[in-house]
Amino acid sequence: MHFLEAQNISYKINDRNILRSITFNIGFGELVKISGRNGSGKTTLLKIIIGLTEQTKGSLTRKSEEKICFLGHKSGLKNYLTVRENLLIHGLKINSLNLGLLEKLNLKRHIDNSVGTLSFGQQKKLSLIRILNAKERIIILDEPFVGLDEESKNILREFMDSIKKENRTLIFTSHIDLEDNYREIKIDE
Amino acid sequence: MNRNLLFIEGFKLFKRSRAWVGPVLVFLLIIISFPLTLDINSDNPPQIYLSFIWISTLLVTMLGTELIFSEDFEDGTLEQYAVNNKLIEIVFYKILVHWVLIGIPLAFVAFLFILSLNISIHISSIALLCLVISNLIFINFFSLGNALSLKKGSILGLLITIPFLIPVLIVLGKITTSTLLGLSLVGHLSLLVGVMILVASFIPFIISFILRTHLE
Amino acid sequence: MIKKFFHQFASPKSYFAIANKFVKPFLAFFFLLYIGALVWGLFFTPPDAVQGDSYRIIYMHVPASFMAQILFVVMAITSAVFLIWKLKLAAYVSKSIAPIGAIVTFFALFSGSIWGIPTWGTWWQWDARITSTLILFIMYLGLISLHASFENKDKADKFFSVLVLIGVVNIPIIKKSVDWWSTLHQSASITLTSKPAIDPVMLYPLMFSIVSFIGLIFGLVILSSQNEILKREKYKSWVKNI
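Protein chains in written order, with this note's numbering: chain U, 1 to 189; chain B, 1001 to 1216; chain R, 2001 to 2242.
Hints are computed from structural coordinates only; laboratory data are not their basis. Misleading hints may appear alongside valid ones.
[Stated by the list, open to error] If you want the ones that stay clear, here's a sample from chain R, every Cβ over 10 Å from chain B, calculated:
no.: 1; residue: T2045
no.: 2; residue: I2070
no.: 3; residue: I2174
no.: 4; residue: D2199
[As the list claims (entries may be wrong)] Ranges between beta-carbon positions, derived for each pair:
no.: 5; chain 1: B; residue 1: N1004; chain 2: U; residue 2: S64; range: 23 to 31 Å
no.: 6; chain 1: B; residue 1: V1100; chain 2: R; residue 2: A2080; range: 29 to 37 Å
no.: 7; chain 1: U; residue 1: Q7; chain 2: R; residue 2: N2241; range: 25 to 33 Å
no.: 8; chain 1: R; residue 1: K2236; chain 2: B; residue 2: V1100; range: 45 to 53 Å
no.: 9; chain 1: U; residue 1: D188; chain 2: R; residue 2: A2080; range: 38 to 46 Å
no.: 10; chain 1: R; residue 1: K2236; chain 2: U; residue 2: E151; range: 49 to 57 Å
no.: 11; chain 1: R; residue 1: W2124; chain 2: B; residue 2: V1193; range: 31 to 39 Å
Here the structure is a predicted model, which is why all the values come from computation and not from measurement. Where is the CB? At the ideal position from N, CA and C, for every residue including glycine.
Use the sequences and the hints to build the structure in full.
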């Protein structure tokens, strides 16, 4: 069953084409990778899917009222708050599960340091914890693999597999070729 | 009302202490420098001080709301709120939090300043009341300016919002005159409160429309 | 059906074609008419009993003050049309009005200032009408810089239109409050309802100058909106063919 049907979606900025006539369906239990080179409009397509942006042409039907978990390439982390506080303001509890994740990702010793003092990679890992906590049936991520080290990438892959098993859906963008076999929507002409 | 979100907004502003202590300190500095440029004597009409207070709180609330939306816009937080349709709620909370942590403290600092000039407690308390009300109006409009001019700097925000605040300044001026003449203030004050209610209930909707457009 | 027709008629392309046919003769006609009105007013009317010859600047000042406000209202209408029906043409027109409005408002202030020297003995008075005109001028400048600050012009159009609408709601409020604050200015010389307080010998050329100035300014708005269309739709094939 498809919960999202897109027909010939196009998008323009200042009358310049960003997306040209894209058609696809997405159903539950799918891992969908939107691929294309930089500047090909991947993020724009994600924004159209979650309803932040309206396509200039074509139609998009959402058949599900499910809540969406969305994480853009901007992380929503606050530099001036500590790791612990950042987790709290995003509604995550400091429970054994998350403490375990922090430990696994080597962030536990930074728990009371402000996020501004962490490296880019560490910040990406912190965002990863948010993704791993997502309870929504539909998860949409913009470039989730960028900046992660091999170990964290594996954690993310495991999570993706579990999503598929639970009949949930994950849609994400990537400009690099991943060896894994995801269903791919290519948006390069 | 979502207490949790309100608490988070309050917590975020509180932790960024520069954002709310800063404006109050700036206000204090302006206040200190004002008497130094003027011969303080009892012949000065109190209007001078009150008018100075209205204008300087106006400018300082502008400073205090400089980052009200641009910070959350830059780091992606607004995007996430918008996806879950929480934008309008967040706008209300942010304005409320800025009023409590910046608007109201400014009003009290101004109150102490007016008292320090040997102006009667009656006049000072009226000024305090007016400032508490007008600061909420100012914050609403400056938030609108900030939403429109996201990351384009505060000068643009100021340029487009100050014209809308002129009526409020005029009402404040009228209140000053009436207070000093000992006239009834009921009309003027209820006008100010009316404006506050209108502004505080409509502007957030406009702001949330603007923010949504930014996120497109 | 109606909507489709509307969209076709109000497409920038057909608007451009229609405007292109008549804008130049239209402009030339009203320009000559305006010059005619000025010549009439400056040379063929008697001097004022109180103000002497200095009152003659009225033929420039009054049309400009009038248009300064009318242009904002027109801009509000086109902005509302843009926001409600998403007609891009309306946004282009709105955007082209702002700089013209700013210039006209400045001209109103400037001519008023010159008029003030012989009449009031000062080039500036903090009175109600001058102050609200100055605020109007600042609002025009704010709108122009807001639009200029966005690279994404489609978004700029939306923000611009929202601000115009907030502005047009506020202008009467600002005017009323500024009136309340103080007023020294002579009240409006011509009103629609009551008998004009000005002598017909001076009134006719004044009406003439107002009408021709309206025509002239609208001609300019059309011309500049054509320019805007060319700039904004440069990727469209019909523009490339021009």
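query: If you check the beta carbons of K2236 (chain R) and V1100 (chain B), does the distance land in 45 to 53 Å?
result: This hint holds: roughly 51 Å between Cβ atoms.
- prompt: Beyond 10 Å from every Cβ of chain B: is that where the Cβ of I2070 (chain R) lies?
  reply: holds (18 Å)
message: Within 23 to 31 Å: is that where the Cβ-Cβ distance between N1004 (chain B) and S64 (chain U) falls?
response: Taking Cβ atoms as reference, N1004 (chain B) and S64 (chain U) lie about 26 Å apart, which means the hint holds.
- request: Quick one: work out the minimum CB distance from I2174 (chain R) to chain B and report holds if it exceeds 10 Å, violated otherwise.
  value: violated (6 Å)
- prompt: Taking the CB of D188 (chain U) and the CB of A2080 (chain R), does the distance hold inside 38 to 46 Å?
  reply: holds (40 Å)
- request: Would you assess whether D2199 (chain R), listed as outside the interface, keeps its beta-carbon beyond 10 Å of every beta-carbon in chain B?
  value: For D2199 (chain R), whose nearest Cβ neighbour in chain B is about 36 Å away, the distance exceeds 10 Å, so it holds.
message: Tell me if the beta carbons of W2124 (chain R) and V1193 (chain B) are separated by a distance inside 31 to 39 Å.
response: holds (35 Å)
- request: Mind checking the hinted window 25 to 33 Å against the Cβ distance between Q7 (chain U) and N2241 (chain R)?
  value: holds (31 Å)
field: Range agreement (Cβ of E151 (chain U) with Cβ of K2236 (chain R), hint 49 to 57 Å)
entry: This hint holds: roughly 51 Å between Cβ atoms.
- request: Kindly confirm whether 29 to 37 Å is satisfied by the beta carbon distance between V1100 (chain B) and A2080 (chain R).
  value: About 36 Å separates the Cβ atoms of V1100 (chain B) and A2080 (chain R), which means 29 to 37 Å holds.
- prompt: Can we trust that T2045 (chain R) is non-interface, i.e. its beta-carbon lies farther than 10 Å from all of chain B?
  reply: Holds, because the least Cβ-Cβ distance between T2045 (chain R) and chain B comes to about 37 Å, which exceeds 10 Å.
Hint violations for this structure: number 3 only, all remaining hints satisfied.
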